[in-house]
Amino acid sequence: MSNTYVITGCNRGLGLEFVRQLVARGEQVIGTARKLEDLRSHTESGVETHALDVSNIDSIERFSETMNGQAIDVLINNAGVGVHSKPFESLDFNEMEEFFSTNTLGALRVFRALLPSLRLGSLKKVVNLTSKMGSIADNSSGAAYSYRVSKAGLNMATRSLAIDYRAEGFICVVVHPGWVATDMGGAGAPVTPEESISGMLRVIDRLTPENSGEHIDFTGARVPW
1 MSNTYVITGC NRGLGLEFVR QLVARGEQVI GTARKLEDLR SHTESGVETH ALDVSNIDSI
61 ERFSETMNGQ AIDVLINNAG VGVHSKPFES LDFNEMEEFF STNTLGALRV FRALLPSLRL
121 GSLKKVVNLT SKMGSIADNS SGAAYSYRVS KAGLNMATRS LAIDYRAEGF ICVVVHPGWV
181 ATDMGGAGAP VTPEESISGM LRVIDRLTPE NSGEHIDFTG ARVPW
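If you read the sequence shown in our numbering, its first letter stands for residue 1, the second for the next number, and so on.
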């Protein structure tokens, strides 16, 4: 029996590879991106597609209305903006707010909007894609303030969601995809999108309530907070 997955940010990179691999194994996939035309030109046939800007409340409300009564088993919050490694004195605080709105608040907005549908699902798994750059313990190089702070915020928010929704059977985790050869990670990154997504799907498949609140990478290893 197939499960229903909602994946944000599916027009390229990791989101697109999530779609490809899930479709290949027969899952029901609902993919979103800011621009619907970008999504339709890249995604596999049979995928239900919707326009969704995770930083825009109206866009999220429109999407949640289309999901009314639809059971969702797994939510993968993949949509995000990437690293701008500026020194502190050159930091653009408006840009930082944009990073926070997308990378941190975006996942929370989508989770809250889709709560009724997730409650109807059988798995109730919420997977928020993070980065080791959001790890306080792993930060040895500094800089990248906007990205680091937004991902650290996502980590803390997910930990709280795991605690608050544990009694309802939700499993909420943050997953680090590795340093992946995408537009964001660069061509020199050591992990391919195929390797990253196949690893993350193995991790997601094996999640149990005991894992809720964890910070895990695509190999299944724990990542320090």
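Treat the hints loosely; a few may be bogus.
Mimicking DSBU-like on lysine-lysine, the simulated pairs with C-alpha atoms at most 35 Å apart in a straight line are [unchecked claim]:
1. 35 <-> 132
2. 35 <-> 124
3. 86 <-> 132
4. 86 <-> 35
Hint data in this document are derived by calculation from the structure and do not stem from the laboratory.
Quick rundown of the hints versus the structure:
1. 35 <-> 132: holds, 28 Å
2. 35 <-> 124: It holds: about 27 Å lies between the C-alpha atoms, which stays within 35 Å.
3. 86 <-> 132: holds, 18 Å
4. 86 <-> 35: Judged against 35 Å, a Cα distance of about 28 Å means the pair holds.
The earlier numbered hints are all upheld by this structure, with none contradicted.
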